[in-house]
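Letter by letter, the chains look like this.
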Amino acid sequence: MNPMALVNQIIENGLDKDPRIMALLNCIIRNPDDKGKIDLLNRLASPKILYNQMFGKPFKETDETVNGLIKFAYTENSVPVGINPDEPHALIAGQTGSGKSILLMIMLGQVMLRGATIWLFAKAKDVRNLLNLSREIIVVDFCGQTKFNPLLSPGVDVKFWINCFSDIFIQAFGLYDGTKNFLLHNIDYLFTENNLPTILDLYRLIKAQKFPAYSRYARYQESAINRLGGMITSLGRVFDYPCIPLEELAKRNVIFEIQGLTSEQQVFVVNILLTWLFYYRLYHNNTGYHFVGIDDANLVFDKSFEHRPDRGLPIISHLVSTVRKSKVNVFVASQIPHQLGSSIHANSYTKIMFGLADGRDVDCMVSSMGIRDSKQLQYCHRLGKREIVVKFSGRYQEPFLAYIPEVPYV
Amino acid sequence: MCNKEISDTIIRLNNARILSSVKLITSAKHSNTTVKATNTTGSNKDIISPDSKALLWDIHTRPYIPVTERYKTINLDGKKISAGRGTRFVDSLQNKGLIKVHRINRGGRGGRAKFLELTEKGYQAINTKPGLKIGKGAGFEHGFWQYYVSEKLKGIEGVKKVTIEGNLMNKAIDILVETSNKLIAIEIAMNPEHEKINIRKDIEVGCTHIIIGCKDSKILNHVTKRIESLSDDMKIKVTLCLVHTVIEKFKEYLDLKKEDV
Numbered sequence: 009m010n011p012m013a014l015v016n017q018i019i020e021n022g023l024d025k026d027p028r029i030m031a032l033l034n035c036i037i038r039n040p041d042d043k044g045k046i047d048l049l050n051r052l053a054s055p056k057i058l059y060n061q062m063f064g065k066p067f068k069e070t071d072e073t074v075n076g077l078i079k080f081a082y083t084e085n086s087v088p089v090g091i092n093p094d095e096p097h098a099l100i101a102g103q104t105g106s107g108k109s110i111l112l113m114i115m116l117g118q119v120m121l122r123g124a125t126i127w128l129f130a131k132a133k134d135v136r137n138l139l140n141l142s143r144e145i146i147v148v149d150f151c152g153q154t155k156f157n158p159l160l161s162p163g164v165d166v167k168f169w170i171n172c173f174s175d176i177f178i179q180a181f182g183l184y185d186g187t188k189n190f191l192l193h194n195i196d197y198l199f200t201e202n203n204l205p206t207i208l209d210l211y212r213l214i215k216a217q218k219f220p221a222y223s224r225y226a227r228y229q230e231s232a233i234n235r236l237g238g239m240i241t242s243l244g245r246v247f248d249y250p251c252i253p254l255e256e257l258a259k260r261n262v263i264f265e266i267q268g269l270t271s272e273q274q275v276f277v278v279n280i281l282l283t284w285l286f287y288y289r290l291y292h293n294n295t296g297y298h299f300v301g302i303d304d305a306n307l308v309f310d311k312s313f314e315h316r317p318d319r320g321l322p323i324i325s326h327l328v329s330t331v332r333k334s335k336v337n338v339f340v341a342s343q344i345p346h347q348l349g350s351s352i353h354a355n356s357y358t359k360i361m362f363g364l365a366d367g368r369d370v371d372c373m374v375s376s377m378g379i380r381d382s383k384q385l386q387y388c389h390r391l392g393k394r395e396i397v398v399k400f401s402g403r404y405q406e407p408f409l410a411y412i413p414e415v416p417y418v
Numbered sequence: 545m546c547n548k549e550i551s552d553t554i555i556r557l558n559n560a561r562i563l564s565s566v567k568l569i570t571s572a573k574h575s576n577t578t579v580k581a582t583n584t585t586g587s588n589k590d591i592i593s594p595d596s597k598a599l600l601w602d603i604h605t606r607p608y609i610p611v612t613e614r615y616k617t618i619n620l621d622g623k624k625i626s627a628g629r630g631t632r633f634v635d636s637l638q639n640k641g642l643i644k645v646h647r648i649n650r651g652g653r654g655g656r657a658k659f660l661e662l663t664e665k666g667y668q669a670i671n672t673k674p675g676l677k678i679g680k681g682a683g684f685e686h687g688f689w690q691y692y693v694s695e696k697l698k699g700i701e702g703v704k705k706v707t708i709e710g711n712l713m714n715k716a717i718d719i720l721v722e723t724s725n726k727l728i729a730i731e732i733a734m735n736p737e738h739e740k741i742n743i744r745k746d747i748e749v750g751c752t753h754i755i756i757g758c759k760d761s762k763i764l765n766h767v768t769k770r771i772e773s774l775s776d777d778m779k780i781k782v783t784l785c786l787v788h789t790v791i792e793k794f795k796e797y798l799d800l801k802k803e804d805v
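Going down the list, the protein sequences come from chains A and B.
Heads up: the first sequence runs through residues 9 to 418, numbered per this note's numbering.
Heads up: the second sequence runs through residues 545 to 805, numbered per this note's numbering.
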C-alpha cells in the first residue's frame with residue numbers, strides 16, 4: 009500500500025492511538041526510504057484496518073468531554089455519557105419498545121434525586137415506578153382526585169393569559185379565529201364577574217346566551233359549546249374547586265398520566281400546563297432547575313401545528329427557545345421524529361437516536377444531527393438493542409455511539 | 545429501581561399525604577377546610593402542622609417500613625430528614641398521642657429497628673380510617689412479620705404465590721406459600737397458645753409443610769414443648785424456628801425437597 013494512503017487509513021480507522029503503529033510511523037517520517045519499516049507497518053496495520061472495515065463502528069471514539077451531570081449511557085470505550093442542567097433541551101427518538109421511556113425515567117430519576125423538580129407527561133403507567141425512587145411525586149391521573157384550574161393566570165396579566173388560553177384551546181380542538189375571539193370575549197367577561205372562574209363556568213356562560221339562529225355568533229357559540237362540553241365530560245371534575253394552586257404543583261414533582269384523555273384533550277392539557285409553567289417560571293425568579301419530560305412529543309410539537317397560517321405559530325414552539333433563561337429543560341421522546349416541528353429540532357442541545365423503523369425518521373434524525381458520513385449514515389439504519397447515536401450541540405460536537413445500561417424492572 | 549407495583553390506592557394515599565399541607569383554592573361556594581386534629585375527647589386543642597400530617601399520611605400509606613427508610617424517601621418542610629430531626633419529630637408526635645413506636649429485631653446486625661403505628665387519634669388527625677393493616681386483629685408486630693416475611697419470600701426462586709392470611713378451606717393461614725407442587729404454611733407465633741391447633745388444622749386442610757416462626761426463644765421453647773404430644777407423622781411436617789430465621793428455614797426446606805426429587 010502507498011505509504012500516504014496507509015497513513016490516511018490509519019487515521020480514519022482510529023489506529024493513531026496505537027503506540028506501536030505511531031512509533032513506526034515516526035520512524036518512517038524520519039526515514040521515508042526505509043522499506044523494511046514500511047513493510048512492517050503494512051503488516052501491523054492492514055489486518056486491523058481490514059477488521060475495522062468489516063466489523064468496526066463508523067463513529068469515532070469519544071473523549072471524557074461527553075460526560076455530564078445527568079448520566080444516561082456509556083460509550084464503546086466505557087466513558088459515561090451525560091448532559092448538564094445548563095444544556096437545554098433533549099430530543100429522544102426511537103421506535104416503540106426501543107427504551108425511550110426508560111431513558112426518560114433514568115434521566116428524570118437522577119434529576120429528581122439531585123433535588124430539581126420534574127414534571128412528566130406520560131401515556132403509560134410504568135412511569136409510576138419513579139415512586140420507588142422517591143415518594144415525593146404527585147401522580148395526576150385526571151380522575152378528579154387532584155384538581156387544578158388552568159384558567160387562573162400564572163402571574164402574568166390576566167388578559168394576556170386569556171389570550172394564551174384561547175390560542176391553545178382553538179389549536180388543540182381545531183377551531184378558527186371567529187370562535188377564538190368569541191371565547192376571548194366570554195372569558196374576559198367571566199373574569200370581570202368572578203376572579204376565580206372555571207371552565208365549567210365558561211361553558212355555562214356561553215350556553216346561557218341566545219343568538220339568532222342564522223347569525224355567525226350562533227355558529228361560534230355552537231362550536232365553543234361543542235368543544236367545551238366534550239372537555240367538561242371528562243375533565244370537568246379535574247378543572248373544578250376546591251383545587252390545588254398550580255403554583256404548588258410547579259414546586260413539586262408531578263407525573264401527569266394522560267392516557268385516559270382523548271387525543272385533543274391530551275394536546276390541550278399538555279400545552280396549557282407547559283405554557284402555564286413556562287410563563288410562571290419566566291415571571292417568577294426561580295433559582296432551581298425544572299425538568300419536563302414528555303413521553304410522546306408529537307402531542308405538543310407536531311409539525312402540522314407549525315404549518316397552519318390561519319392559527320399562527322403555537323405558543324409552545326416559541327417558548328421552547330425562551331425558557332432556557334428560566335431554567336426549564338424539556339426532555340422529549342418521539343416515535344415519529346420526522347413529524348416533529350422544527351422548534352424542538354432546532355432547540356435541542358442533545359439529540360439521541362435509538363433504532364428507528366421508518367427510513368424517513370432515520371433520515372430526519374441524521375439530518376437533524378448533521379451526520380453526513382456515508383458509513384455513519386448506513387450504520388444509523390441498523391442500530392442494535394440499547395444502542396444509541398448521540399449528538400451534542402456543544403462540548404463534543406461529533407456524533408457518537410453509546411449504549412444504554414440495562415435497567416431491570418423499570 | 546425495584547419492581548414494586550404502584551397501585552391506584554398507593555397513588556391516592558401518597559397524593560393525599562403530599563397535598564395534605566397544601567392550602568386549596570376554593571371558590572365562594574366551597575368552604576375552606578381547616579387542618580385540625582380531633583382528640584379522643586372531642587376537643588380541637590392540638591393543631592397538627594402540615595409536616596406532621598405529611599408524616600402521618602406516610603405512616604398510613606406504608607405502615608411496615610422502618611423509620612430510617614421513611615426518612616430517606618420523604619421530605620419534611622421541603623428538606624430531607626436527618627436522623628436527629630426525624631427522632632425529635634417522631635417524639636413530638638408520640639407525645640401528642642398520634643403515633644405509637646415499636647422496636648422490632650429483624651435479626652442480623654444493627655439492633656432493633658424503629659417502626660411507627662398510627663393511633664386512633666392519629667387517624668382522626670388525617671381524617672381517615674385504618675385501611676392497610678395486615679392480619680386479623682393481631683398486633684402491629686404480627687402484621688409486620690407477615691408483611692416482612694412475605695416480601696422476602698416473593699424473591700425466592702420456585703415460589704409461585706405468597707398470600708398473607710391465605711384461606712384454605714376456611715382455615716386462615718398467616719402466610720400461605722405456593723410452589724409448583726407444594727403448599728407451605730408459615731405461622732407467626734407471638735404467643736404459644738394456638739400453635740398446636742394451628743398445626744393440626746393446617747395439615748388437615750392440605751399443607752405439605754408448616755414453618756412456625758416464634759417471636760423469641762422463650763416462645764420457641766413453649767411451642768416446642770406443646771407440640772411434643774403430636775404424632776410423628778405430624779411432627780415431621782413442622783419446622784420450628786425464630787421468626788427472623790423463617791426465610792432461612794424456608795430455603796433449607798426447599799433445597800431439601802429438591803434433593804429428595
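Derived from the structure by calculation, the hints contain no laboratory data.
There may be inaccurate statements among the hints.
[Claimed, not checked] With a Cα cut of at most 35 Å, we get these calculated DSBU-like pairs of lysine-lysine:
1) B/Lys-616 with A/Lys-155
2) B/Lys-644 with B/Lys-673
3) A/Lys-333 with B/Lys-745
4) B/Lys-644 with B/Lys-726
5) A/Lys-259 with B/Lys-745
6) A/Lys-131 with B/Lys-698
7) B/Lys-795 with A/Lys-155
8) B/Lys-665 with B/Lys-745
9) B/Lys-705 with B/Lys-640
10) B/Lys-673 with A/Lys-155
| said: Could you work out which of the previously given hints the structure breaks and list their numbers from low to high? | reply: Hints 3, 4, 5, 7, 8, 9 not satisfied by this model.
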